[in-house]
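Chain B: place on chain A using the hints.
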Amino acid sequence: MAELSHAPKGSAVAAPAGTGAATARRRPLPIPHLGRFAAAVGRRVLMLAILLALVFAAVELLPGDAATATSERGESAADIAARRHLLGLDRPVWERFWDWMAGLFTGDLGVSARGEKITQMLADPFPNTLLLAALAFVLTAVASVALGCWAAARPGRLIDRVIGHASTSAFAIPEFVVSVGLLMLLSLWTGWLPAVTVAGADGRPATWTMLITPVLALVIPQTGWNTTIVRGALADQAATPHVEAAHLDGLPVRRVIWRHALPGAVPAIATGLATSTGMLLGGTVVVETLFNYPGIGSVLASAVSTRDTPLIAGVVVCAGTAISLVLLTADLVRARVLGSHA
Amino acid sequence: MSTALTTARAPRGSAGRGRVIRRLVPGVLLVLLALIGPFLAAHPLDKPVTAPFATAGDGAPLGGDQLGRDVLSRLLHGGTALIGSALLVAAVVTALAALAGCFAVLHPAVGRAVERTADVFILLPPILGIMLIALAWPGGGRWAVISAAIILGTPYAVRIVAGAAAPLADAGYVEAALAGGESLIYTATRELLPNLRSTILALFGLRFVEAVYVISMAGFLQIGPQPPAADWALMIRENSSGILLNPWAVVAPSLAIAALAISVNLAATSLAPRSARKAVITP
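If you're matching them up, the sequences are chains A and B in order. Using the numbering used here, read the first sequence as starting at 1 and increasing by one per residue. Using the numbering used here, read the second sequence as starting at 1001 and increasing by one per residue.
Certain hints may be false.
Unchecked claim - Some chain B residues near chain A, calculated using beta-carbon distances under 8 Å:
no., residue
1, Val1120
2, Ile1122
3, Leu1124
4, Ile1127
5, Leu1128
6, Ala1136
7, Pro1138
8, Gly1181
9, Ile1185
10, Gln1222
11, Ile1223
12, Ile1243
13, Val1250
14, Val1251
15, Ile1262
16, Asn1265
These aren't lab readings, by the way, just hints derived from the structure by calculation. On a predicted model such as this, the values are computed, not experimentally measured, just so you know. Every residue gets a Cβ at the ideal spot worked out from N, C-alpha and C, and that includes glycine.
Chain A on its own, in the form it takes in the complex (with noise of 0.2 Å):
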């Protein structure tokens, strides 16, 4: 078992594009097991509140605040310093930026450009969004790493090289793309699946097949990336002389891969899946829109044509939140199996 501390070994230029450094050899800290949690967790909510604090920054620092930003045409500039006064924006910067960010911890998202409180606004759709995501995220580890061992049992071969071009291909492509493909295909010639998600009395999609679409052009792309990702990963984990001495050993190609080179393979895919989860809650922004989702997708286009920056920054806070919890994950794997080995 020893061996499996290999892992990361070259991971780092696994994928062209590649997760890069985020999974270069890092020494587990010699410190004991529950230290090693506290300075995970703090140091991704110290990245976080960085994040918070340059996102604030920008929305200050660039021209038009809220109040301008939300006239109407014709607005007197008094009316204009009056909705100013009203949102708070008259105070001073740092007192704004200390009252934002304790509100942050309490769940307060303060109120957007309208005067509405932007926690409010978010609680029934950004839900939505989470669950949409998170179906798209475990369908796309689970093709990614079947696909990829699928690739890596025949390597070189026919299928390899078809997953390894069909995935460069589909991690290319946008999600709206996707989505108008699969469109055209499952509903408009087939007329399997609905074209539009009907949002149920409770703010919920009506129907689990209105999912169906919408997940699969998330998963498309995000699966395209991965497969290269895991393949990639199994290819390191092969030249690894405990890898060639089970296959030496004449063990079956299939359990090679699965109880010998995927274990140390495991670090490299949670760090792939963790960061893909940024692109799976922005496409799913996108893949919303066209699709009617009841999700956040329609509060940011709503934001978009008002001009509303503090709603989009609160939406900013619950991604990067929920980015920061999935990349936290992925520490704790990677510590786990690299850790314990040291």
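Chain B alone, transformed into the frame defined by chain A:
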């Protein structure tokens, strides 16, 4: 790590070059076609020539869009700005990343800063970042999208260059240059970068694909190009309501984006250094 790999693949070296060129051709042709497209268009992009969502017929080979404008003409117009912006983003990001990536491996403090920056930016889905910048910069239009794509794409690209340059930083000639008192800039541009040609070239291709991805996504969400501009992503959005009446109004721009993304991506990955394509070796 890669010695076994290079020896294993060496006999196929010359055949490999032909294959690389074959894979470059579709991408390059498509980019050229899209750039000269406006000159081939039969109709101006904002003139209705047929009924709204009319099916393919006389004067409009791909039918009409939601205002009865010729879909084919708009398709030929619609790629120029997208590809131009994407080329600009890819060039700037690659140049910035090449320099910063070399500094990062020569200077550990810069390296750590790069790592942390990439760690922070990975928490921000690119499309949300673009929305944020485009909205906080009213009147920025396409330039807001371009700047956002550059800002959001660079940290990650730097990380890739740094990853590729790291093994070279320990090479004797780099240490000799530094020990000989050469400046950081000289060492980065004269000693490191020439050895990273294929990585940089592949990075440029992949950044182009990524830029097409985010810019078209922004266009689809109506950030950047505004009607009546012809833009592939915007065409998909505008015409999706009439997909039953004239599917071509939606399918044609979708195919255009997909073909562009796939062909350039294949070209870029075929340029990637051998060590980055380990997936093809047998155990």
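- Query: Can you give the numbers of the hints that this structure goes against, from lowest to highest?
  - Reply: Failing hints, ascending: 8 and 9.
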